[in-house]
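> Here's the letter readout for the chains.
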Amino acid sequence: MTVSASAVHTEKSIGQIRSALTSGEAKAGDIVRNTLARIEAEDARIHAFLSVNPDYTLAQAQRIDDLAASGASLPPLAGVPIGIKDVLTLEGFPATAGSKILEGYRPPYTATAVRRLADAGAVFVGKINCDEFAMGSSNENSAYGPVRNPHDLDRVPGGSSGGSAAAVAAGMATATLGTDTGGSIRQPASFCGVVGVLPTYGRVSRYGLIAFASSLDRVGPFAATVRDAAAVLGVIAGHDPLDATSSPLPVPDYAAALDATTGVAGLRLGVPSEYFAEGLDPEVRAAIDSGIEQLRAAGAEIKPISLPHTRYAVPTYYVIATAEASANLARFDGVRYGLRAPESNTLSAMYRKTRDLGFGAEVKRRILLGTYVLSAGYYDAYYRKAQQVRRLLTDDFLAAFREVDAIITPVAPTPAFRLGEKTDDPVSMYLADIYTVTASLAGICGISVPCGKSKTGLPIGMQILGKHFDESTLFRVAQIVEGFQG
Amino acid sequence: MATAAIVSPEIMAKYEPVIGLEVHVQLLTETKAFCGCANKFGAPPNTNVCPVCLGLPGALPVLNERAVEFATLASLALHCQVRERSIFARKNYFYPDLPKGYQISQFDKPLAEHGWIDVPTPNGTKRIGITRLHMEEDAGKSIHDGFSDSATRTYVDLNRCGTPLIEIVSEPDIRTPDEAYEYLTRLKEILLYTAVSDCNMEEGSLRCDANVSVRPRGQEKFGTKAEVKNVNSFRFIRAALEYEIERQIDVIEGGGRVVQETRLWNANEGRTYSMRSKEQAHDYRYFPEPDLPPLIVSSIRRAEIAQQMPELPEARRARMVADYGLTEQDAQTLTATRAFADQFEAAAKTAKSPRRVANLIQSELTSRLKAAGLELEQSPISMKGVAQAADLAEEGKLSSKQLKQLFDIAFEKSEDFPVVYEREKPQQITDASEIEKMIDEVIAANPKQVEQYRGGKKTVAAFFVGQVMKASKGQANPGLLNELVVRKLDS
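As they're listed, the protein sequences go chains A and B. First residue of the first sequence: -12, per my numbering; consecutive thereafter. First residue of the second sequence: 2, per my numbering; consecutive thereafter.
Hints were generated in silico from the structure; no laboratory data involved. Please read these numbers as outputs of a predicted model, since none were measured by experiment. Yeah, the Cβ is synthetic: ideal placement off N, Cα and C, and Gly gets one too. Where hints are given, some of them may not hold.
To give an idea of the interface, some chain A residues facing chain B are shown, with a C-beta separation under 8 angstroms as derived from the structure [said to hold, decoys possible]:
id: 1; residue: V39
id: 2; residue: T76
id: 3; residue: Y194
id: 4; residue: I197
Just need the whole structure built from these sequences, with the hints factored in.
Structure representation (structure tokens):
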């Protein structure tokens, strides 16, 4: 297959939709019908969507149009077509988490972040494909088949929120929700040339997010522009009494702050040497370097920094994430919902057969790894040690943020790789997360923003990392970087 | 009850049992530990459930503040040190009535530690240590029988999932089954006083597992222990421990070794059965629960909770002995539950003689309750009724025989004392001449006793009172009778 530029398309922005609706120039029903038509036309080759429900979607749009007709003021995301990663629950749609074990499962409740979008007038165009239980860096671990990169259908969109990134890149949604545990928003955003936000841990409620690793999982938006991503985050962020780990800190109006931004003059931006070492693709390096130079030219102060424990991040991440996953995925046992293997004579046979049939290879690998690191006799050597290293990694960032306002790095060592390229080598796949797992472990916020392309036209993203609950600075820097792009 | 019944008392005496108890107690909160579902026993199956307690994908636990308050109150009542920062942990195991595949519990940083309970023993008061008190959630119920297809199916009721529990672990300080029984009785009493639980063993709101081993007397090292589960009354705990101690001694005396294992008590057969050995034991893979932040109970909060502490049984007993002139034994009975002690005190305050109220309870009420198989709180005769009876007796308006008859009727018909008294209104002979006539007859028939009395043995008067009372079928007015007997004998 050759590069298919036609698959890349930009949907109307949130601002355009708003002015079209308020001026009466378009109706929400028309906007959403266009989006559904686009999905119908494009998704056969991209495969970003796992379920659509046009009746549901059009009914939502109709309510917006009725509201507009009544002359009432429209909520902030009125009529905006949004897709939801299939690890988040939305009553009325299935929630498979990309797994066979949840085939046919219909959740009886809606995730907090999703409900907040609905309350803000968003219209849901469908549930989106992802790696099984958000475990993967290429979207090849979906039980329902991989998603393809709209920039090159032979290449992966990244993972695990590959479908969420691809849907925005292919104009099948104005924004989408994804989740990020070790890089699952930032890396696909980079591969697909869109904006993806990793909010600070606790910024967005996890209620209704089918857990992979609870201390790392975050819900965040994808959009074509920094401003749209900021607007969506502003809606989904904030304290939720249903999530004990959600923060009570007030949420700034990110989008309004962007409109009033003063650029990056005077901002101190750190560049950690550890992220520009061996293994970084020269084209990626060149793109990030040039982005950094442009930021310097725009008035930012660029400071070299060190995050000395970076090299321990990948193993630390894979110990903690898999340990938590081994417990989080124990509930998929065939007893109450989802798949149950037939013809089991004993309880333990039912468990074993159901889980063998229902889980894919990568999920099984991680459950085994996580079970092992928590086992009697191994806990201290693996899990406890990993928690200690996690503290050191966090301290690295806290120390750095005393010197700088944000940190600039690549998102991934390479642009999008080919389908099948890494599937036989889990470790090389894990190393694709090398620049993203650090922020996940430290709980800080991050963003992936397009920052140039490879010679073959593949997008390359810049990662900007910020202090806990300082998403505003990320948006401010990212919008400048976005402005450099043609 | 069957026991191993093979080990002689001499051999038994060579060994010392070591016992530790783990008690699970459901907290009486309105809602469950981590969601807003009603915490209620007896609802139709799977009706008090929501995404959180069903463990549906994506649902998250949020800790019930009230459960923390109750657990802290219980900790303080048991003299525990409450941690300012405790940690919830996941205890991982698979079972159909455990919907998340793990139980939220606490592990290496429990809510409270280092407590104790004083228990009476034949050698005086003994202090039993409490290692820890931690918070956790209950699982659901697997129902293996009672359905037409129970041979091939198990049904699961998840109403109980997420019910807040505290687990109270004792030190291995207990040395006899009787001490275990006393420890549990005291523990239950204290918990009932704090009102954090109803401690109803039949409904499973108090459950107990026992760890027991034996060692030759004088040896410091513990023997290999067995854990005895599935015991649903304190009497059975005592019986199960008696059985298990004898079994272990028999194994050792027979040249064998006790294996570390979990054993189930079978109440029908009065013995324990091996359930699983140590090799089959679970590795629960505890790790900190990432969905819940550390539980902080600040010193201010702790002090606020301590303010709610009611007067506990031991202190109350001491005060009641002082206030009402009761014996220690009376006070013991009267404080068995807080509600009961409250009722007693309310009755005693209005009664002419609190001591007589207490005596009536001890002599007349408890024996009848025992015979009827009733608990104190199920008594047909209320404390008010006992107080009324005491006053009538105190005023001499009721002979003790009449009182006994009225109590019998009350128990027979399940009626309170005032009701029975109103209806029966026992006849009393208050006509002095009629009583005198009976006294004359008794005196005439017992010249020897008359001689004794007149020889200075004044206590013989009671003999005459008793004889006349008997002759009057218990109907003579006791006050009048006493007076007349003395007058006649002295004349």
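> Does each hint fit the structure? Answer for all of them.
Going down the list of hints, with the structure as the test:
1. V39: violated, 21 angstroms
2. T76: holds, 5 angstroms
3. Y194: Result: holds, 5 angstroms to nearest chain B Cβ.
4. I197: holds, 4 angstroms
Checked against the numbered hints above, the structure breaks only hint 1 and satisfies the rest.
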